[in-house]
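Trainee: Residues per chain, in single letters:
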Amino acid sequence: MSGVVSAPAGLRGAGRPGAWTWALVAAMVAVLFASPLIAVLLGSFKSPAEAARTPPTYVPDEPSLRNYTALQDSSAGVWTAIGNSALVAAGSVVLTVVLALLAAYGFERYRFRGSEAVFVLMLAAIMVPFQILVSPLYVVLNALGLTNSLVGIVLVITTFQLPFSVFVIRNSFAAIPGELYEAAAVDGAGLWRTLRALAPLLRAGLITAALFTFFAAWNEFFAALILLADQDRFTLPVVLTTLISGARGSVDWGLLQSGVIVTVLPCVVIFIVLQKYYVSGMTAGAGK
Amino acid sequence: MSGLLTGGVAPSIRRRPAATSRRRSARDRRTGLLLVVPALALVAVVFVAPLALSVVMSLSDWPLLGERTFVGFDNYTRLFADPQARQAIVFTLGFAAVVTPLTLVAGLVLALLVQHRRRGIGLVRTAVFVPVAIGFASASYLFLALTNSSTGVFGRLLTDLGITERPVDWLLRPRLAMLLVVLVTLWKTVGFAMIALMNGLHSVGRDVEEAARVDGAGALRILLQIKLPMMRDSVAFAATFTAIGAFLAFDQFYILTGGGPSNSTITAVYRIYNTAFIQGQLGYAAAMSLVFLVFLLIVTGAQLALLRRGRVT
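The listed protein sequences correspond, in order, to chains A and B.
If you count the first sequence from 1, position 195 lands on 195 in this note's numbering, and the numbers rise without skipping.
If you count the second sequence from 1, position 198 lands on 198 in this note's numbering, and the numbers rise without skipping.
Take the hints with a grain of salt, since some may be wrong.
Unchecked claim - Listing some non-contacts, in silico: residues in chain B with all C-beta distances to chain A over 12 Å: (1) E67; (2) T77; (3) V90; (4) G162; (5) N263.
What the hints assert, rightly or not - Pair ranges (Cβ atoms, derived): (6) D169/B with A174/A: 51 to 57 Å; (7) E179/A with L34/B: 42 to 48 Å; (8) V208/B with W192/A: 45 to 51 Å; (9) M28/A with V208/B: 29 to 35 Å; (10) Q231/A with L93/B: 34 to 40 Å; (11) L65/B with V269/A: 40 to 46 Å; (12) V208/B with T21/A: 22 to 28 Å; (13) I278/B with L87/A: 24 to 30 Å; (14) Q231/A with V294/B: 33 to 39 Å; (15) M28/A with P174/B: 37 to 43 Å; (16) R232/B with M28/A: 28 to 34 Å; (17) P261/B with M28/A: 30 to 36 Å.
Claimed, not checked - Reference listing, derived: stretches of chain A covered by chain B, where coverage requires no fewer than 3 residues with Cβ under 8 Å from a Cβ of chain B: (18) 26–40; (19) 46–55.
I should point out that these hints are in silico values taken from the structure, not numbers from a laboratory.
Don't be surprised by glycine CBs; every beta carbon is placed ideally from N, CA and C.
Same shape as in the complex, but just chain A (with noise of 0.2 Å):
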């Protein structure tokens, strides 16, 4: 590894670009890569006329809070979707790592006849995406009550996040010592303060599937377009677009700024905070 920048560059071989050169290059790419979001967490910024001015200024020329304290008006419905979204969220990670910590645990420690088989087709449920599933999953959640419903997003959610969690989280059950059980198995302890107690073993394996699922549950667009029907029920990808349909001319920019900052910010702080866990849930998928 060159690992530090006082290390000499250019001693560990020729053709390794100079340590100037490899910042100033990277530099660009973090900017250029960066750019879109930052311009946009400016616009958000500008007053409802400045927005809407032509040609656009590049940074607010009075910054002002305005296409924020806008989001709350209940036409826009953007202050209910923020709630919806945030339920949606909370309550497809919450299900989703239940019951998958319950599966995981079954399919790991109790291998009861045919469990390898289940397992086995589970995973492969991976390889049917939810968009291939529309038209029978809108008639079978229909039948059930369950369109134009946040329940109803939240069951498709965990559905499709189940096998990819239940493979982590069993990943992380193997990894703990056979001992380990046998010590709690000796002490007698029910299912309940044996799960507890091996808790923090599981740690990686739970963060990952909660975060996983969360991202797929806040921005889930796809599914919430087709399910949800009045905007009272809308989650934030979906109101977003009640913000440009309609007359394309007359969009409110700076209240779909505003709101793009919304939706995107808890995934930006999210991801920064957890990003070991995302990257290990990629590698756990990778096959490695």
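Could you slot chain B onto chain A? The hints should help.
Mentor: Leaving out everything else, chain B in the frame of chain A:
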């Protein structure tokens, strides 16, 4: 984001040695089943039942509202003669054929850039990866706000740099609309390929590289002839993931182009959506979906087979 996990390769779990060899009582087996049943019940209702129902629906005239009738294979014969369906498939394949190699090449270049630890490396990796964590819908709204020809700063930037005379309306011309969607897709997904390929680069031992260098191989040759073949698992993973994501593209087209201009950017999933929920023909949409699923399974299956062969040799 639902596309993120849909293309995953089902990996094999590491087996724990026979610590559990003591005989299981019937009670234990029942406990195991009870633990698994809640998850299975949900999967049965929300996954297995719709999958089975889609076969029935594909053989029926099944309107969104009203009477259903069994029509045999009518939907399938109609599908294979449907110019709109063919157009959607051709467009989707073209989109995937553009996006997948672009993403892999850009991802590899970025992976090479950020593979070694240096000061500030975390910042660069995070900047490239953050778009992956936000939704495709958010990314699309973001670029809609940036690129619209009246208030978007991207148009002003191109004008100020002298690249265009005045802000361009990206969504009025099919090629520009496509270019915009490709750019958004690349920005949103290339971080994933970068991390996957970076993991691959890290998996190639340093001694291998040193040995090749001693033999006088140049950096490019080491990359193309030694490293890439050795990290084929990572390449295959990134390729499958990117391709499946492109095959299933919907959000960015729905929000940015609305399928336009003049229906030039309608993907397979978009066509399924229109058929089911705009035209109300759920049965026909189910037939489209099943045919498309077979295609996706063939692609994923071919990828798995390639991976397995790579492991043996």
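Trainee: Hint by hint, note whether the structure agrees.
Mentor: Against the structure, the hints come out as follows:
1. E67: Nearest chain A Cβ is 14 Å from E67/B, so the label holds.
2. T77: Holds: least Cβ distance 19 Å, greater than 12 Å.
3. V90: 18 Å, holds
4. G162: Non-interface label stands for G162/B: nearest chain A Cβ at 15 Å, farther than 12 Å.
5. N263: 17 Å, holds
6. D169/B with A174/A: 51 to 57 Å: Taking Cβ atoms as reference, D169/B and A174/A lie about 55 Å apart, which means the hint holds.
7. E179/A with L34/B: 42 to 48 Å: 25 Å, violated
8. V208/B with W192/A: 45 to 51 Å: 49 Å, holds
9. M28/A with V208/B: 29 to 35 Å: 31 Å, holds
10. Q231/A with L93/B: 34 to 40 Å: 36 Å, holds
11. L65/B with V269/A: 40 to 46 Å: 43 Å, holds
12. V208/B with T21/A: 22 to 28 Å: 25 Å, holds
13. I278/B with L87/A: 24 to 30 Å: 28 Å, holds
14. Q231/A with V294/B: 33 to 39 Å: 37 Å, holds
15. M28/A with P174/B: 37 to 43 Å: With a Cβ separation near 31 Å, M28/A and P174/B fall outside 37 to 43 Å, so the hint is violated.
16. R232/B with M28/A: 28 to 34 Å: The hinted range 28 to 34 Å holds for R232/B and M28/A, with Cβ atoms some 30 Å apart.
17. P261/B with M28/A: 30 to 36 Å: At roughly 33 Å between Cβ atoms, M28/A and P261/B fall inside 30 to 36 Å, so the hint holds.
18. 26–40: holds (count 11)
19. 46–55: Since three or more residues must qualify, the claim that chain B covers the segment 46–55 of chain A holds, with 5 doing so at under 8 Å.
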